[in-house]
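Visitor: Read off the chains here:
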Amino acid sequence: MHCASCALMIESKLNKLPGVKSAQVNSATEKATVEYDCDSCDSEKIIKTVKGAGYGAQIADEETVDEHQSQHEQAIKKERNQFIFSLVLTIPVAILSMILRDESYQSKLIQTILAGIVQFYIGSRFYVGMYYAGKNKTANMDTLIAIGTSAAYFYSLATTFLIEGQVFYETAALLITFVVLGKWLEARVKGKASEAIKKLLGLQAKSARIIRAGKEMEVLIKEVVVGDIVVVRPGEKIPVDGEVVDGYSSVDESMVTGESIPVEKKVGDKVVGATINKTGSFKFKATKVGKDTLLAQIVKFVENAQGTKAPIQKYADTISGYFVPAVVALALITFVVWYFLVGASFVAALLAFTAVLVIACPCALGLATPTAIIVGTGKGAENGVLIKGGEALEIAGKIKTVVFDKTGTLTKGEPVVTDIIKHGTRNMEQVLEIAAAIEAKSEHPLAEAIVKKAKEEKIELLEVKDFEAVPGHGVKGNIKILDIGYWILFGNRKLMQDSKVDIRLEDQKIGEELESGGKTVMFLAVNNELAGMIAVADTVKETSAEAIIELKKMGIKTLMITGDNKRTGQAIGKQVGIDEVLAEVLPENKADEIKKLQTGGLKVAMVGDGINDAPALAQADLGIAMGSGTDVAIETGGIVLVKNDARDVVRAIKLSRQTMSKIKQNMFWALFYNSVGIPIAAFGLLRAELAGLAMALSSVSVVLNSLLLKRRKL
Amino acid sequence: MQIIGSVLILLIIGLFLAWLYWTKKQTGASAKETGGTQEFEIKVKGVYSPSVIKAKAGRPVRINFLRQEDTECSRFVVFDALNIRKELPRDQIVPVEFTPKAGEYKFTCDMGMYQGKLVVQ
Chain L
1 MHCASCALMI ESKLNKLPGV KSAQVNSATE KATVEYDCDS CDSEKIIKTV
51 KGAGYGAQIA DEETVDEHQS QHEQAIKKER NQFIFSLVLT IPVAILSMIL
101 RDESYQSKLI QTILAGIVQF YIGSRFYVGM YYAGKNKTAN MDTLIAIGTS
151 AAYFYSLATT FLIEGQVFYE TAALLITFVV LGKWLEARVK GKASEAIKKL
201 LGLQAKSARI IRAGKEMEVL IKEVVVGDIV VVRPGEKIPV DGEVVDGYSS
251 VDESMVTGES IPVEKKVGDK VVGATINKTG SFKFKATKVG KDTLLAQIVK
301 FVENAQGTKA PIQKYADTIS GYFVPAVVAL ALITFVVWYF LVGASFVAAL
351 LAFTAVLVIA CPCALGLATP TAIIVGTGKG AENGVLIKGG EALEIAGKIK
401 TVVFDKTGTL TKGEPVVTDI IKHGTRNMEQ VLEIAAAIEA KSEHPLAEAI
451 VKKAKEEKIE LLEVKDFEAV PGHGVKGNIK ILDIGYWILF GNRKLMQDSK
501 VDIRLEDQKI GEELESGGKT VMFLAVNNEL AGMIAVADTV KETSAEAIIE
551 LKKMGIKTLM ITGDNKRTGQ AIGKQVGIDE VLAEVLPENK ADEIKKLQTG
601 GLKVAMVGDG INDAPALAQA DLGIAMGSGT DVAIETGGIV LVKNDARDVV
651 RAIKLSRQTM SKIKQNMFWA LFYNSVGIPI AAFGLLRAEL AGLAMALSSV
701 SVVLNSLLLK RRKL
Chain G
1 MQIIGSVLIL LIIGLFLAWL YWTKKQTGAS AKETGGTQEF EIKVKGVYSP
51 SVIKAKAGRP VRINFLRQED TECSRFVVFD ALNIRKELPR DQIVPVEFTP
101 KAGEYKFTCD MGMYQGKLVV Q
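Taken in order, these protein sequences are the chains called L and G.
Take 1 as the starting number for the first sequence in this note's numbering and just add one per residue.
Take 1 as the starting number for the second sequence in this note's numbering and just add one per residue.
Worth flagging that the hints you see were computed from the coordinates, not collected in a lab.
Just to be clear, a hint being listed does not mean it is correct.
As the list claims (entries may be wrong) - Computed cross-link-like contacts, BS3-like style, restricted to lysine-lysine with a CA-CA straight-line distance of at most 27 Å:
(1) K25(G) <-> K314(L)
(2) K25(G) <-> K300(L)
(3) K314(L) <-> K54(G)
(4) K710(L) <-> K86(G)
(5) K314(L) <-> K117(G)
(6) K56(G) <-> K314(L)
(7) K54(G) <-> K206(L)
(8) K24(G) <-> K494(L)
(9) K137(L) <-> K45(G)
(10) K45(G) <-> K400(L)
Said to hold, decoys possible - Pair ranges (Cβ atoms, derived):
(11) Y315(L) <-> E33(G): 53 to 61 Å
(12) R188(L) <-> Q92(G): 46 to 54 Å
(13) P445(L) <-> V119(G): 48 to 56 Å
(14) K412(L) <-> E87(G): 38 to 46 Å
(15) F98(G) <-> A213(L): 39 to 47 Å
(16) T37(G) <-> L685(L): 35 to 43 Å
(17) F98(G) <-> G247(L): 39 to 47 Å
(18) K595(L) <-> K25(G): 40 to 48 Å
(19) K199(L) <-> T37(G): 34 to 42 Å
(20) V119(G) <-> K51(L): 44 to 52 Å
A virtual CB, placed ideally from N, CA and C, is assigned to each residue, including glycine.
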């Protein structure tokens, strides 16, 4: 496309297409935006139309990251070239003035020219920046550099041609060289800091092999739609999220979850885009594509996090706003004090003025928290720990109490039936048959275990009428066996007591014994008489105990919250070594329990699955939502753990503490540097070019310090 | 000499205070209305210009940033209160869209050196 008229021509062709509501073509970006009716038009027709008009067209990428990347790399290269050019011109100036100390007219003339190129060619950007700032009636960093170097250069120019005195061309030239060096280094290290996102985006597969109309074909990843059957061969990347429909394999999900051991995948299992298929071949149905995939969501989450600032940064920003004009004022006062009040020479006053101008560096202050947050959240993402932003980081670093939800967090969340105890005339199979029938209507995780057991035993489920669930207690309903109706109660002791079902002492004892082993016991009553008991146990995850030990070592109190009765709760708590167990807490009361803990002024974190515990997660100072790798409720919680592993709670807190300590180091260094550097310069104790070097390196050092976070072990 | 010096120092302080007063008093540039959206164009070159913009509450705002320089400083624009951080590739218009409530929204570069604010009434 050559010009705006081409754009207009394409636009009018597109607008004439049936089904197109509006079409806009931008000649600068070479992009067309077309709004159309799906029924009567499609992207293929649109592309055809554009091609028919004599131009090429394709569906635009949603992410033009590569383009941005190469543009950024070019900018870095440009900075480097400017630095080298500046250095080449500055070295002779420095040799003439500092080593040879040649004060002849020829020497001065050479210096005027070389330093002049540095001042007005390399340094032109500072004048441009100063001009635009001035137009907005403010001052920026460019103002400082431009005034500082101009003072040195123009004074030297005067002493070369008009008046008696020393020349300071090297001050101006070295200053600009150092500042350009600083900018180059800064661009380089800042690129490193935000590498995590690039890495995540780089994980995306470029193409996918799909089956359409019975034919296998390779298409670009953006052309895959929900419902497509995707074929994955050994060693290939899985292109989008989906569900396995055929085949069996193991998949390396480490890039998304941080878990290094490959995960087995069989029919019905979920797979995540960007993970790598290891051994077998399989087919899967695409369920999420484009912006909806887990990877895309993680990228968005991390991007958002990196845009946040820690609350600690707020006052640094306030300082930055007034910094530059204040420094200009300070530098002018320095000059006046030296020249008019102390009576120093004009040269000494001018050099002190320049040094104050160029040493002040609010950049270091401004970079202190963003770079640490960018590196910290990026490192977290690589390890399956997603942190929502600066605020979550700051709170996570201060957590003193961690409350774990039991089911699915400390335990596997897959309860199994361990004991069936009959009572009275019914046999064990009948107890299971009745319990399974009524539980089939319930959505409770324990119910699932009983129904599963019945299926294993090949028991057919009876019909249930008048079903009612009593949250936190159990279920009720009517069933018919051989045309005789029975009133069924199935649930905990409380349900039995409320309905006045008598539980004899020996049955009580059996129940208590099972509970002391960490099992959940449910009672079955038929027509208000005890008919049996079923014990269900949820096994503790191997990693839970390890996580609790680590947290204790870090001085954090651990609690477990559960709907189970005290005995069961205590038994599980003991297995993982938790400090305290909050048992018999109804789901809706979990948030209140958190509130109670907070009244002591302690910062409380709540760890849950993010789906059932949303109110408790929101109530806690920090909500940590734990996913199961493929199913992450990514919107909940200040911290989201992709993997279902309690040790990641430890990692998240460690990472937050490390990041916060980096932020504090950076802030201290930046504040200390400015508060010490400016007086030193004002007292005339620092050569202006060295002040410039210090300024350039101060922001680089802050970024480098943040980068050190990458090396810390989690 | 000493008198001149003292007068100059007072003058410098006075000018600085005047600048402070002026920045506080800035009311900001108004929006261009396009189909109910309050639209702003902000050029990023040395500073954000204009650096103070004003909008009406409860109606969508679109701020089009156009960065015309290479310096690393201004590569990102951050709206802290809104968790927005956008890369501004050189010479490309990057829109930031949201519907604000009444109040002040600061936007800065990563380092806080480029500062601007949206005043919502």
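Visitor: None of the hints should be skipped; say for each whether it holds.
Guide: Going through the hints against the structure:
1. For the hint pairing K25(G) with K314(L), the CA-to-CA distance comes to about 22 Å; that is within 27 Å, so the pair holds.
2. Proximity of K25(G) to K300(L) is assessed by CA-CA distance (about 37 Å); at most 27 Å being required, the pair is judged violated.
3. Distance check on the hinted pair: K314(L) and K54(G) sit about 22 Å apart at the alpha-carbon level, within 27 Å; holds.
4. Proposed proximity of K710(L) and K86(G) is supported: the alpha carbons are some 24 Å apart, at most 27 Å.
5. A hinted pair counts as satisfied when its Cα atoms are at most 27 Å apart, and K314(L) with K117(G) qualifies at roughly 14 Å.
6. Pair hint K56(G) plus K314(L) holds up; C-alpha atoms about 25 Å apart against a cutoff of 27 Å.
7. Proximity of K54(G) to K206(L) is assessed by CA-CA distance (about 43 Å); at most 27 Å being required, the pair is judged violated.
8. Distance hint between K24(G) and K494(L) is unfulfilled; the C-alpha atoms sit about 66 Å from each other, more than 27 Å.
9. Of the pairs offered as hints, the one joining K137(L) and K45(G) holds, with about 14 Å between alpha carbons and a cut-off of 27 Å not exceeded.
10. A threshold of 27 Å between alpha carbons decides the hint, and for K45(G) with K400(L) the separation of about 46 Å lies outside it, so the pair is violated.
11. At roughly 36 Å, the beta-carbon separation of Y315(L) and E33(G) lies outside the given 53 to 61 Å, and the hint is violated.
12. At roughly 22 Å, the beta carbons of R188(L) and Q92(G) sit outside the given window of 46 to 54 Å.
13. Distance hint check: the CB atoms of P445(L) and V119(G) are about 52 Å apart, consistent with the given range 48 to 56 Å.
14. With their beta carbons about 42 Å apart, K412(L) and E87(G) fall inside the hinted range of 38 to 46 Å.
15. In this structure the supplied range 39 to 47 Å holds for F98(G) paired with A213(L), their Cβ-Cβ distance being about 44 Å.
16. Restraint check, T37(G) to L685(L): a C-beta distance of roughly 55 Å breaks the suggested window 35 to 43 Å.
17. For F98(G) and G247(L), the hinted distance range of 39 to 47 Å is satisfied, since their beta carbons lie about 45 Å from each other.
18. For K595(L) and K25(G), the hinted distance range of 40 to 48 Å is satisfied, since their beta carbons lie about 45 Å from each other.
19. Distance hint for K199(L) and T37(G): a CB-CB separation of about 36 Å, consistent with the stated range 34 to 42 Å.
20. Checked against the given bound of 44 to 52 Å, the beta carbons of V119(G) and K51(L), roughly 48 Å apart, stay inside it.
Consistency note: the structure conflicts with the earlier hints numbered 2, 7, 8, 10, 11, 12, 16.
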